[in-house]
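In case you want the letters, here they are:
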Amino acid sequence: MLLSTFISKPDSVSAIMLKVLLALLPGIALYVWYYGPAILVSITLASITALATEAAMLKLRDRPVKPFLSDNSALLTAWLLALSIPPLAPWWLVVVGTAFAISVAKHLYGGLGNNPFNPAMIGYAVLIISFPSHMTHWLSPHGLGQVELSFADQLAYIFGGHLPSGIKLDAVTTATPLDTLKTQLQLDRPVKEILGMPIYGALAGKGSEMVALGYILGGAYLLFKRIITWHIPAAFLGTLLVTAGIFHLIDPGHYAAPLFHLTAGAAMLGAFFILTDPISGPTTPKGKLIFAAGAGFLTYVIRVFGGFPDGVAFATLLMNICVPLIDAYTQPPVFGKKDGGAK
Amino acid sequence: MLTALIVMSGIALVLGAVLGFSAIKFKVEGNPLVDKIDAILPQIQCGQCGYPGCRPYAEAIAAGEADINRCPPGGEEGIRKLADLLGVEFKPFGGGTVQKPKAVAFIDENLCIGCTLCTQACPVDAIAGAAKQMHTIIAPVCTGCELCVAPCPVNCISMVVIEEKITTWKWKYPVYALAPVRRSAFGRAPE
Amino acid sequence: MRTLYQFHGGVHPPTNKTQSTRTPIAPAPLPGKLVIPFHQHVGNMARPLVKAGNRVLKGQLIGMPEDGVSSAVHASTSGTISAIGMAVVAHASGLPDLCATLIPDGQEEWVTHEGMAYRTAAGADVRLALRLAGVVGLGGAVFPSDLKLRSGKHKIKSLVLNGAECEPYITCDDMLMRERAAEIIRGAEIMRFMLDAEEVLIGIEDNKPEAIAAMQLAAAASDDKMEVIVVPTIYPSGGAKQLMRILTGIEIAAGVRSTEKGMQCFNVATALSIYRALQFGEPLLSRIVTVTGNVRNAQNFEVLIGAPVNELVALADPLPDTNLYIMGGPMMGVPLPSAQVSVVKATNCIIAASDKLFPPPPPALPCIRCTRCAEACPADLQPQELFWFAQSKNFGKAQEYSLFDCIECGACSYVCPSHIPLVQYYRFAKSEIRALEHEQAAADLARERYEFRQSRIERDKQEKAEKLAQKEMTALAARQSAATPEAAADNSAQLRIQAAVEHAREQAAAARPKNIDTLTPRQQAEIAEIEARRAKAREMAHPDAGQPKE
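As you go down the protein sequences, you meet chains A, B and C in turn. For the first sequence, the working numbering begins at 349 and goes up steadily by one. For the second sequence, the working numbering begins at 23 and goes up steadily by one. For the third sequence, the working numbering begins at 559 and goes up steadily by one.
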């Protein structure tokens, strides 16, 4: 018999995870609006793979399947991973990434609650290192591609690898705004000119900036529901803003404006959904600030000076390594031991 | 080149002198490792490890002659601490040692003939009594080593297991299955 | 308006207090049997003063406080002691403890008692009177009140009276304040006088308007500086440290006495029993108990200490699906091991529980480090870290992370989305650490005694050797000077000594165990084996010494 409290707040891990999934919906809706329904295919694919891998790993580890399968954590990993990779990615890419995330990054470390790294970001890192070319097939937003694929054509490509005859892959896909910026900067074009290209919108990429707006909406919901605290989004976005701002002030021709960095790539997804993963993140308020600030700085450094177009995933993983240290050094003072225990 | 040689030799000389000086100045008497091991051992002095007391066992461990898993009164926690201290792997009890519940000796005062054999055997002077006088155990200092049981010629010493009282009761480690927990039937003591 | 302070964290569980406040406090009828434990307080068990068969009067001292922290136990009514023995008591362990069983005679015949002039008597006498009246903290901690009423070397500024009663379901203090506010205030005046405190602060949660009104009225009539302070309803505002923080902004760390910060805190019911004890000489014989939960008529009863729980609950008409009784509230309460245990001084509430009222928790999932517990913790701890260390039995680390600052309020368990029984982990870790410390102390004592014995044996051996050497020397000298007359005298002394030694040797031989001549072969074999073992042990202890002389 357990001798703890007899009453508990009606809350559960699965309810929390479900709310996070709900919070992703505005972003996903805008994604579909701007890029077509292909993303729904990879989300579905990733979800099925995640649940199947989770069940298999639980069986192998001799753990009860039902309570863990219904905790929605595998689904969340799947969705975050699916949103991080190109929607036109071949089906096996999604499957391999998700299966690796769930089996290696989550279960080999002890399953729910024990993974030191964000599983979705591990999955992303594995994919971008192993299959870099497949990870660049981002769809062009509505009205920008030379040709627009029908949903059936997209399905055919995802599952069969065939495009309708006469259409080249390059015609339907495009590099991401961050990627384009990077390659164009290497051609010595000034930022202002690059951002005048058709794929760029008011702040960052056309379409992608709106998806980022959707993530902000979802993040606001999470904050309102007290699923996440303000510390991580504020510190992450703040550091990214300040770092980008400093570089932009030094040389506006070479470094894009801070608002560009906030709305481009996975910054908003990272701020509200990836870095806020409690399991692989720090627990103390001060630790959350340090963790997210570090991630914000690293994201900028990787984006601008690193070899990869976006830095959120690697910044997250690098900061995940520091979590035990951050936690150990940011323990808040306990009751009565704060500066003499006075007011 | 020469300067570098002189500097390096100079540093070596100074450091060597400091080391030599501190070796004499801060010389540690005895073997501190033995003390550290002895501090972990429960001091029951029962000899179950095959050594005549805790300190001899500590010395044997420090000398690498004895295994760390021969001390039943110390429990697995004790083995774990020794393993931590010595930087070796934890291992379960071995060498024919078994763990027993904690107990104290009890002398049946009707049978005791006052032979003092038990007082001579007691490693912690926990038995009061003189020759031809009835002996009795000073229970609070008895370590439960059982060394007095065997020497008694009239078998008047028995070991009494210390029962759990409310004051010594410990909260149990929460054990739960990943299936909904049902309450124990009403009126019965909780599991 | 007074500035109130906040403590970190806290939760808002449904209060469920209205059920038991609809009717006034009712006296519970005299039960058929009272089982009075001798250990109802923090500290040493009271020493029984009565034997089975003794007739006792109401209020008669039956358990004498034993040295240090302890308190007295009394016969709650007049009758006959039928037994002094072990019985299961209201404790989470379900273990038995020493109790007196009292069969009431229905006469309610009081022992002679009278109040004392506490304002003129010496402080020590007043405290002794409280100790002998068995007055302990009735908020649940049951710490002897006399020990808290020493002003000591610190100046007490505020006497805090705790009427917050933050735990759900419990309303005994609420009802007591509504009905007996004047007596509580009189008790507070006594305590203020004893502590020489400047002011009395009475903290009551804002969900008890009737109690607040009654207490304000009573406090206004007092000559002392008293203030009833309405505090917001948040669990655990009724924790002594949390309440003191709310009222004064001062935090008392674990291990620090509140008097060092100029404060002392008492429960309102304790104030009342102090008043009754000093004004009328009435020891603590009864208390108010809320009976609520899965019952038809939840209500507060004034119950004699020792009354069986099942008879008490029957007064409130429990529903048939009741399957557990909880002593205390749903946050900090403990399940009673049996319905036959008796009401003790710590029993503020009995909740009849059923699976419908308190559904068994869903399966516990691993901790996801969401830190809802840290946000709820009123002691500013990191419960998720403590859980991690307690779970892996890493007790040193748990202590490093201030495990003993945990007040076991259960706020963390309440909010945990993984439904981990956190409080039980902390209780487990705390009791393991206490046991380990106890064992360490025992080991240190044993080491000291062992080393002393070794040195004593060594010393004895040395002294013996010295004596022997001296004897040989004198013998030699005697032989050399045998011719002189003085030597002859010496010689006779020498002879006497030798005779004495002979005699002692004979005696030693006679003192050999008498029963070793008629041993069975098995016993002889056993003895031989023991001898061999001892010889081996000796050899190992002193490898160079060889076989010592017997």
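Bear in mind the hints are in silico, worked out from the structure with no lab data behind them. Heads up, some of the hints might be wrong.
Stated by the list, open to error - Listed below are the simulated BS3-like cross-link pairs for lysine-lysine, each with C-alpha atoms no more than 25 Å apart in a straight line:
1) C:K715 x C:K609
2) C:K609 x B:K113
3) B:K103 x B:K47
4) A:K686 x C:K713
5) C:K914 x C:K955
6) A:K686 x A:K634
7) A:K686 x C:K955
8) A:K554 x A:K573
9) B:K47 x B:K58
10) B:K103 x B:K113
11) B:K192 x C:K713
12) C:K713 x C:K783
13) C:K1094 x C:K1019
14) C:K1029 x C:K1019
15) B:K124 x B:K47
16) A:K686 x C:K1029
17) B:K122 x B:K154
18) B:K58 x C:K955
19) A:K530 x A:K357
20) B:K124 x B:K113
21) B:K124 x C:K951
22) B:K122 x C:K1094
23) B:K122 x B:K47
24) C:K988 x B:K124
25) C:K988 x B:K103
26) C:K988 x C:K951
27) C:K711 x A:K685
28) A:K414 x C:K914
29) C:K955 x B:K194
30) B:K187 x C:K783
31) A:K686 x C:K1022
32) B:K187 x C:K988
33) A:K357 x C:K914
34) A:K634 x C:K955
Going through the hints against the structure:
| no. | hint | verdict |
| --- | --- | --- |
| 1 | C:K715 x C:K609 | violated, 46 Å |
| 2 | C:K609 x B:K113 | violated, 53 Å |
| 3 | B:K103 x B:K47 | violated, 31 Å |
| 4 | A:K686 x C:K713 | holds, 23 Å |
| 5 | C:K914 x C:K955 | violated, 39 Å |
| 6 | A:K686 x A:K634 | holds, 15 Å |
| 7 | A:K686 x C:K955 | holds, 20 Å |
| 8 | A:K554 x A:K573 | violated, 30 Å |
| 9 | B:K47 x B:K58 | holds, 22 Å |
| 10 | B:K103 x B:K113 | holds, 11 Å |
| 11 | B:K192 x C:K713 | violated, 38 Å |
| 12 | C:K713 x C:K783 | holds, 16 Å |
| 13 | C:K1094 x C:K1019 | holds, 19 Å |
| 14 | C:K1029 x C:K1019 | holds, 15 Å |
| 15 | B:K124 x B:K47 | violated, 45 Å |
| 16 | A:K686 x C:K1029 | violated, 73 Å |
| 17 | B:K122 x B:K154 | violated, 32 Å |
| 18 | B:K58 x C:K955 | holds, 20 Å |
| 19 | A:K530 x A:K357 | violated, 49 Å |
| 20 | B:K124 x B:K113 | holds, 22 Å |
| 21 | B:K124 x C:K951 | holds, 21 Å |
| 22 | B:K122 x C:K1094 | holds, 24 Å |
| 23 | B:K122 x B:K47 | violated, 47 Å |
| 24 | C:K988 x B:K124 | holds, 21 Å |
| 25 | C:K988 x B:K103 | holds, 19 Å |
| 26 | C:K988 x C:K951 | holds, 11 Å |
| 27 | C:K711 x A:K685 | holds, 23 Å |
| 28 | A:K414 x C:K914 | holds, 24 Å |
| 29 | C:K955 x B:K194 | holds, 19 Å |
| 30 | B:K187 x C:K783 | violated, 46 Å |
| 31 | A:K686 x C:K1022 | violated, 63 Å |
| 32 | B:K187 x C:K988 | holds, 17 Å |
| 33 | A:K357 x C:K914 | holds, 16 Å |
| 34 | A:K634 x C:K955 | holds, 21 Å |
Hint check: violations occur at hints 1, 2, 3, 5, 8, 11, 15, 16, 17, 19, 23, 30, 31; the rest are consistent with the structure.
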